[in-house]
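Starting from the known structure of chain A, arrange chain B on it as the hints suggest.
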Amino acid sequence: MSTNTILDLACPTPLPARDTILLGHGSGGKLSAALVRDIFLPALSNPALARLDDQAIVQINGQRLAMTTDSFVVKPLFFPGGDIGSLAVHGTVNDLAMGGAVPLFLSAAFIIEEGFPMEQLRRIVNSMHEAAKAAGVEIVTGDTKVVEKGKGDGLFINTTGIGTVPAGVELSADRAQPGDKVLLSGTIGDHGIAILAQREGLEFETTIESDSAALHTLVAAMLAASAEIRCMRDPTRGGVSSTLNEIAQQSHVGIELQESAIRVREQVCGACELLGLDPLYVANEGRLIAIVAPDAADAVLHAMKAHPLGVSATIIGTVTDVHSGLVTMRTSLGTSRVVDMLAGDQLPRIC
Amino acid sequence: MKYLDEYREEHIAKALAAEINQRTTQPWVLMEICGGQTHTIMRYGLDDLLPANLELVHGPGCPVCVTPLETIDKAIELAARPDVILVSYGDMLRVPGSRSDLFRAKAQGADVRITYSPMEAVTIARSRPDRKIVFLAIGFETTAPANAMAAWQAKREGLTNLSLLVSHVLVPPAIRALMASSSNRVQGFIAPGHVCTIMGCSEYDSLVQDFQVPIVVGGFEPVDLFQSVLMLVKQLEAGEAKLENQYVRSVSYQGNLPAQKIMTDVFEIADQKWRGLGVIPQSGLRLRKEYASYDANLKFELQELCVDEPAECISAQVLQGLKKPTDCPVFGMRCTPENPLGAPMVSSEGACAAYYHYRRHSVAV
Numbered sequence: 001m002s003t004n005t006i007l008d009l010a011c012p013t014p015l016p017a018r019d020t021i022l023l024g025h026g027s028g029g030k031l032s033a034a035l036v037r038d039i040f041l042p043a044l045s046n047p048a049l050a051r052l053d054d055q056a057i058v059q060i061n062g063q064r065l066a067m068t069t070d071s072f073v074v075k076p077l078f079f080p081g082g083d084i085g086s087l088a089v090h091g092t093v094n095d096l097a098m099g100g101a102v103p104l105f106l107s108a109a110f111i112i113e114e115g116f117p118m119e120q121l122r123r124i125v126n127s128m129h130e131a132a133k134a135a136g137v138e139i140v141t142g143d144t145k146v147v148e149k150g151k152g153d154g155l156f157i158n159t160t161g162i163g164t165v166p167a168g169v170e171l172s173a174d175r176a177q178p179g180d181k182v183l184l185s186g187t188i189g190d191h192g193i194a195i196l197a198q199r200e201g202l203e204f205e206t207t208i209e210s211d212s213a214a215l216h217t218l219v220a221a222m223l224a225a226s227a228e229i230r231c232m233r234d235p236t237r238g239g240v241s242s243t244l245n246e247i248a249q250q251s252h253v254g255i256e257l258q259e260s261a262i263r264v265r266e267q268v269c270g271a272c273e274l275l276g277l278d279p280l281y282v283a284n285e286g287r288l289i290a291i292v293a294p295d296a297a298d299a300v301l302h303a304m305k306a307h308p309l310g311v312s313a314t315i316i317g318t319v320t321d322v323h324s325g326l327v328t329m330r331t332s333l334g335t336s337r338v339v340d341m342l343a344g345d346q347l348p349r350i351c
Numbered sequence: 001m002k003y004l005d006e007y008r009e010e011h012i013a014k015a016l017a018a019e020i021n022q023r024t025t026q027p028w029v030l031m032e033i034c035g036g037q038t039h040t041i042m043r044y045g046l047d048d049l050l051p052a053n054l055e056l057v058h059g060p061g062c063p064v065c066v067t068p069l070e071t072i073d074k075a076i077e078l079a080a081r082p083d084v085i086l087v088s089y090g091d092m093l094r095v096p097g098s099r100s101d102l103f104r105a106k107a108q109g110a111d112v113r114i115t116y117s118p119m120e121a122v123t124i125a126r127s128r129p130d131r132k133i134v135f136l137a138i139g140f141e142t143t144a145p146a147n148a149m150a151a152w153q154a155k156r157e158g159l160t161n162l163s164l165l166v167s168h169v170l171v172p173p174a175i176r177a178l179m180a181s182s183s184n185r186v187q188g189f190i191a192p193g194h195v196c197t198i199m200g201c202s203e204y205d206s207l208v209q210d211f212q213v214p215i216v217v218g219g220f221e222p223v224d225l226f227q228s229v230l231m232l233v234k235q236l237e238a239g240e241a242k243l244e245n246q247y248v249r250s251v252s253y254q255g256n257l258p259a260q261k262i263m264t265d266v267f268e269i270a271d272q273k274w275r276g277l278g279v280i281p282q283s284g285l286r287l288r289k290e291y292a293s294y295d296a297n298l299k300f301e302l303q304e305l306c307v308d309e310p311a312e313c314i315s316a317q318v319l320q321g322l323k324k325p326t327d328c329p330v331f332g333m334r335c336t337p338e339n340p341l342g343a344p345m346v347s348s349e350g351a352c353a354a355y356y357h358y359r360r361h362s363v364a365v
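As given, the protein sequences belong to chains A and B, one line each in that order. Here the numbering used here is used: the first residue of the first sequence is 1, the next is one more, and so on. Here the numbering used here is used: the first residue of the second sequence is 1, the next is one more, and so on.
Since the hints were derived computationally from the structure, they do not count as laboratory data. Honestly, I wouldn't trust all of these hints.
[Unchecked claim] Taking lysine-lysine and the DSSO-like style, the derived pairs with C-alpha atoms no more than 30 Å apart in a straight line are:
hint, chain 1, residue 1, chain 2, residue 2
1, B, 132, A, 151
2, A, 149, B, 155
3, B, 289, B, 155
4, A, 75, B, 155
5, B, 2, A, 305
6, A, 305, A, 133
7, A, 149, B, 106
8, B, 106, A, 75
9, B, 155, A, 145
Isolated chain A (complex conformation):
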């Protein structure tokens, strides 16, 4: 028991339930899921929200609409391969596309800290315009708020998007079935490592660029190749691991990955080794995961490889009926391990 204490310490018991918001609640891992489960769903529950997909699908006069919203708090604001503006457009277009929707209109809301350089804002807004034009969407409404110096971190952007869902398209994370194949559209970890390399205090140089891209034309090509796609997700924060864990849990299935089929650029691999990170948990902004019926997998893979954003696509695993709710991996040595969902952000290791 405690002797000379400075803190009035007692014998330690398990820490009490989380009573404040931590950074980890925004990580896309278990803490984020708990926030949705414990705070948001009980208060706001409705059938469209309860699907817990990247977008809600609602019906208006017989037309199915996809709607999504996303906030962007990336640091630094400018990074190799993009900036917060292009990222906001791509992220929102992709959240619509993962529901099979044709993205149409976006809103953009800016929360700007007093003192923010006008020239940077101009660059970011121009970048949003270019990204929206390239993606064939329009930013049709917006909002601006300015907060006092020190009450914001430069610039935050919130975007909302709507699009139409073509007849016959039914994509959702609860539709995976044993036997389905897991397809991944390219290398993993490029975005997260490109951002990390730009952060203060990390003195390493790379030429890695963010993979940030609008994926809706890739999605359209895949849907044209087969109607037997069960689910699509873009593995953003939390990486491939968190996305697949969510699908396994929502579909009550297991997912087994083949380590050798998952492609990681050598530079990303090197940075991860140095920093003690696992690429499976590093964010992507221009990649998608698709769960596809076994008979359709080759046709969908072929369509992906024929598209510029899917040339490195591979089949990385299979949906199984064992270990429901868990993702496992067949390692390069032929052994099996769990690919867990992290509680919060991945932390650099001491050694």
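Chain B alone, transformed into the frame defined by chain A:
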């Protein structure tokens, strides 16, 4: 990637595993010391490829895990002071003290910063003369030279606003304590390659002589670990006890002499408490008298604390290789990485956390 791919090569690893299977004629218990090695064993499922009568038990070599609760509590107490910036290695932030952790302290307004290098703390001290910078200097011999360098550089520059909250542990005294214990089961050790990159192999000679126990200094990739196990099995089957070095691409007999010099210039050996194991004589480092003004304990007049671990946690037995994480009745139930009850569950390199992260599908939880 060079120096990695060849050490993860399937056919080399499997050939080594096959030779281990062929040469193992009786039961042996081996311990890998370092948490990084435990992590590789679990991540690649290496023990699944070893013979059933060859048991790998997991040592106390996760620096985050063995940092005493008291040190975490002190760090949180310091971080909460408005004039302090607490600088720490990233994986310390989630480690629970007795009432909170550094992430929560940060959420409540404490200025806590993650760094990869202790020199970053010196840079912050230089640029923020208005604040007191405290570096949470933890780890084994691997991080000790860099941590020592931060104090040395601060002293050289005459920086008075930097101090170190030191909790350093040393590997050889821990092996000695394990071997001297009447309940010891370990018959051979894989010594930690990164620690030995700094310290060399020489200080393990006396352990081999005193306890007639084989020690192989090993690396961290699957091929390294299989090769280390094979070297130990060959010795044990032949009735030998030698010091061998598997990790020759990084470790020399004498080690990194300049790194050792800065360590001994700044630190001296002292008794040290290990979370889960208690006090091991002469198993830690503290700042020398010449560096007293850089000792956060003295600078902030922190009193010594003594806090007990939860009674149901079996981490002491796990860290000595007497029990497996899965032998614990609360493993995966009341004790998880999100809510750890004891040392080996707090960091991803702790043995319990490694089992939880990588093996949940093969154990009943």
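Here's how the hints hold up against the structure:
Restraint check for residue 132 of chain B and residue 151 of chain A: the C-alpha separation of about 24 Å stays at or below 30 Å, so the hint holds. Pair hint residue 149 of chain A plus residue 155 of chain B does not hold up; C-alpha atoms about 36 Å apart against a cutoff of 30 Å. Taking the CA atoms of residue 289 of chain B and residue 155 of chain B, the gap is near 13 Å; set against the 30 Å cutoff, the hint holds. For the given pair, residue 75 of chain A sits about 34 Å from residue 155 of chain B by alpha-carbon distance, which is inconsistent with the 30 Å threshold.
The suggested pairing of residue 2 of chain B with residue 305 of chain A holds, with an alpha-carbon distance near 29 Å, which does not exceed 30 Å. A hinted pair counts as satisfied when its Cα atoms are at most 30 Å apart, and residue 305 of chain A with residue 133 of chain A qualifies at roughly 24 Å. Among the hinted pairs, residue 149 of chain A with residue 106 of chain B is consistent with the structure: their alpha-carbon atoms are about 21 Å apart, no more than 30 Å. Note on residue 106 of chain B and residue 75 of chain A: the hinted pairing holds, with a Cα-Cα distance of about 19 Å set against a maximum of 30 Å.
For the hint pairing residue 155 of chain B with residue 145 of chain A, the CA-to-CA distance comes to about 47 Å; that exceeds 30 Å, so the pair is violated.
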